[in-house]
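Engineer: Residues per chain, in single letters:
There are 2 protein chains.
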Amino acid sequence: MRYIITLLFSLSLFLTTHSQAPEEVIKSIFNDALTDNTAEEHLLYLCKNTKGRIPGSQEALHAVRYTMGALKEAGADTVWLQEVPVPHWKRGNELAILKSELGSIELTISALGLSVGTGPDGLEGNLMEVHRFEELKEMGEGEIEGKIIFFNRPVDNTMLNTFSGYGGAVNQRISGASEAAKYGAKAVIVRSPTQAMHDFVHTGVVRYQENIPEIPAVCVSPHDAEIMSRWLKKDKKSVLYLLSDCMNYPDTISYNVIGEIRGNEMPGEYITVGGHLDAWDISEGAHDDGGGCVQSIETIRLFTELGIKPRRSIRAVMFMNEEMTSTGGAVYADEAEKNGEIHYAALESDRGVLSPLGFGFGNADNERLEQLFSLEKYFRPYGIRYFARGGGGSDISPLGRFGALQIGYIPDTQRYFWFHHSANDTFEQVNIREMQLGSAAIASLIYLIDMYDL
Amino acid sequence: MRYIITLLFSLSLFLTTHSQAPEEVIKSIFNDALTDNTAEEHLLYLCKNTKGRIPGSQEALHAVRYTMGALKEAGADTVWLQEVPVPHWKRGNELAILKSELGSIELTISALGLSVGTGPDGLEGNLMEVHRFEELKEMGEGEIEGKIIFFNRPVDNTMLNTFSGYGGAVNQRISGASEAAKYGAKAVIVRSPTQAMHDFVHTGVVRYQENIPEIPAVCVSPHDAEIMSRWLKKDKKSVLYLLSDCMNYPDTISYNVIGEIRGNEMPGEYITVGGHLDAWDISEGAHDDGGGCVQSIETIRLFTELGIKPRRSIRAVMFMNEEMTSTGGAVYADEAEKNGEIHYAALESDRGVLSPLGFGFGNADNERLEQLFSLEKYFRPYGIRYFARGGGGSDISPLGRFGALQIGYIPDTQRYFWFHHSANDTFEQVNIREMQLGSAAIASLIYLIDMYDL
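Line order of the protein sequences matches chains A and B.
Each number in the numbering used here comes from the position in the first sequence (counting from 1) with 416 added on.
Each number in the numbering used here comes from the position in the second sequence (counting from 1) with 416 added on.
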């Protein structure tokens, strides 16, 4: 009897989703996402209980264990881990004091990820303000040797696309240390790349070039960068004392977390939806990218809850180590290759869990793009109208080599860089409704792409 | 000599704005708005120094004085006040305790604006939960007499338009007291109308019907409304002790603040851009509507700063008493009528200073609407694409009787009701860039409408 009831129930679910118009399925996805609080609970947990989850940390492993449970609870058929080699870097004591004839003040700083440290005694040097790498070349070793270079090019706030604005300043953080070290600088201090004028520091990774001395690199809050610049104008002999006792340890192991709903018709074809589980140690990683992970788990939960049986296998992936060396995405693609998996499409949510605008599509020919753009009609009732060429994410990009469609979830990012990589990226800065709308948009798109072979 | 220099300077400004393509003028408006911090300073001042500015308050008069100065500083040719009769209502001590067989707990409540008080001793009564006004009729006096009615219909979170969701619940707050008093209720406690599930109360005005006893009306936080409902299910005899010692005093006087740039060609025709200066006493009135006032001041500042000489007279108006009895808008229209002013168009920003979507237009025939919709092309580079029929605002609606075009500024309001009418509506909840984008959009639209006679 129980068997027959189960059979009837399964059949009714099957008929439900296969007989419903796509508009109705999408409406049911939005209705559920907007009234369910599971995602909010998950985000709160990740923010408050796994804060500090940089790749090699215990906190990251805590987040791995938590999201395994969340994926099972959401209804994934199978949940498993993939070993990922990750850097193991630890922040130490930090202090920066600007000393000039005007007096001395403490600056708000943060070591850049993977930076070498100053040692426990710190270091001291004359400051030199620079806006463009070309200036380093112009000055040369004669002027730079032994100095601390202060990179102070701000983000251009008149650029409408905030990621483009960020892109115009972030090379100072990524490459500034090596560029300055070429000419003998002993350390760099970089203005935080953000449109905001506030006291938060925005950290991020520094990449050292081979065969160039590795020097300590920190970022400073935009407010303090302004003060530094003014003081330096008054007293060009200003000195910075810098302590950043961080350390790089040997690489260690962490994990990608994967939850799968097996496909009904083409189980050997995969659609991946993911975010990254690691986050900067100074932040709760709410927008970047706990929220993207939670939205991926929501795809599994919504499909399960609403009885949507995907034709292809759907995987929610919590990628590890996006922020430092992106090994999680590389491992996932390597495993896919080893197992001969067919990756049909992959979506990444890593631009904040803000009000949805739409999606960007990459790695598709014009015909496929046309078909994808035609999906906009299903999203128009929800105010989601941006369907454009170009998109993806750093974790899913290695899947591009198998021809997988690349999809980037695009929210309204006007306020994103107020949070990004800073202590201001907290649970409280997420509006749950905006996150829910994004979850529903993502799950709806995955459903449509799978259903209509797009 | 000085005269000639002034003349040449004026001429060059005239040539500058008249020779520039509209795209260039709009770009310069956005560039200035996105890099200037005057608006941020004004909003910070209003939020932190004039908090509590309900219509009849000293704080409102403080805001009147401050914005007069701000308008002069922004470059208005003339700044003046209009006397506005306003209610004078004061909140008193407040306390609500739910008592049942489960125990007793204190609830987070707030008197509704213009509500009568309970007196200093408070009152006590059995609670009865109601979702629809029809239920009151069904129950009748027999069941309602002497009870405290608990209106607990939530906002429907599945409605995409948050204002529509709010509209589906707010009649409990506006009319619930009189509806319940018809059947002998002694007080009402209303679930705060919001999509949020949190501990903030969202107040607002109550309107008493004539010839119905006026009974005390308060709102309760959504969290506490949930608790009340659960406890009432366990113990239908639950009792509420309610203290809300607020008072209505005789009407008093406050002011609209008006700043004008006189038109170059048609000074007797007016375009008004406004927000309301009063705000709920429990909130800082950042989104509602200090931000809308600041955006209106920005129109004056941007026109002045960029040398845009309007053909018609442009007025920024800080309307008084939108929240209680909307006398500010009525006085402004009455004065206009008395002075025989021609009101060409009026725009109101009163939906939060959030990321801009576009504008809604009212009081225009199809031909004018077509022309207005064609302006969308100028805003597309800024991601502003919503140009639709239907819009305005309660302060500018009385101008409709002179045929003035009605324009509502429409931002993305998905998170608006997390703040609206609550202590959560603070400066910190405003993203300055989102407000700046709105200011630029508003000033650009006013410029285009004036320039092209739309």
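None of these hints come from the bench; they were simulated from the model.
It is possible that part of the hints are untrue.
Identical chains blur together in the list; that is why a pair holds if it fits in one copy or across any two.
[Unchecked claim] Each computed DSBU-like pair below joins lysine-lysine, with the alpha-carbon atoms no more than 35 Å apart:
| id | residue 1 | residue 2 |
| --- | --- | --- |
| 1 | K515 | K793 |
| 2 | K488 | K793 |
| 3 | K650 | K488 |
| 4 | K793 | K443 |
| 5 | K598 | K725 |
| 6 | K443 | K598 |
| 7 | K652 | K553 |
| 8 | K443 | K506 |
Engineer: When no copy is specified for K488 and K793, does a C-alpha distance of 35 Å or less occur within a copy, between copies, both, or neither?
Structural biologist: So K488 and K793 pass the 35 Å test inside one copy only (33 Å; across, 48 Å).
Engineer: Which holds for K793 with K443 at a C-alpha limit of 35 Å: within a copy, between copies, both or neither?
Structural biologist: both (13 Å within a copy, 31 Å between copies)
Engineer: Could you place K650 and K488 in one of the four classes (within, between, both, neither) given a Cα distance threshold of 35 Å?
Structural biologist: Intra 61 Å, inter 34 Å, cutoff 35 Å: inter-copy only.
Engineer: Pop the pair K598 and K725 into one bin, within, between, both or neither, using alpha-carbon distances up to 35 Å.
Structural biologist: neither (57 Å within a copy, 53 Å between copies)
Engineer: With identical chains, the pair K515 and K793 could be close in the same copy or across copies; at 35 Å between alpha carbons, which is it: within, between, both, or neither?
Structural biologist: neither (60 Å within a copy, 52 Å between copies)
Engineer: Within a copy, between copies, both or neither: where do K652 and K553 come within 35 Å Cα-Cα?
Structural biologist: within (20 Å within a copy, 80 Å between copies)
Engineer: Go through the copies and call it for K443 and K506: within, between, both or neither, with a Cα cutoff of 35 Å.
Structural biologist: neither (46 Å within a copy, 45 Å between copies)
Engineer: Within a copy, between copies, both or neither: which one fits K443 and K598 at a CA-CA cutoff of 35 Å?
Structural biologist: neither (58 Å within a copy, 40 Å between copies)
In terms of the numbered hints stated before, the structure departs from hints 1, 5, 6 and 8, listed from lowest to highest.
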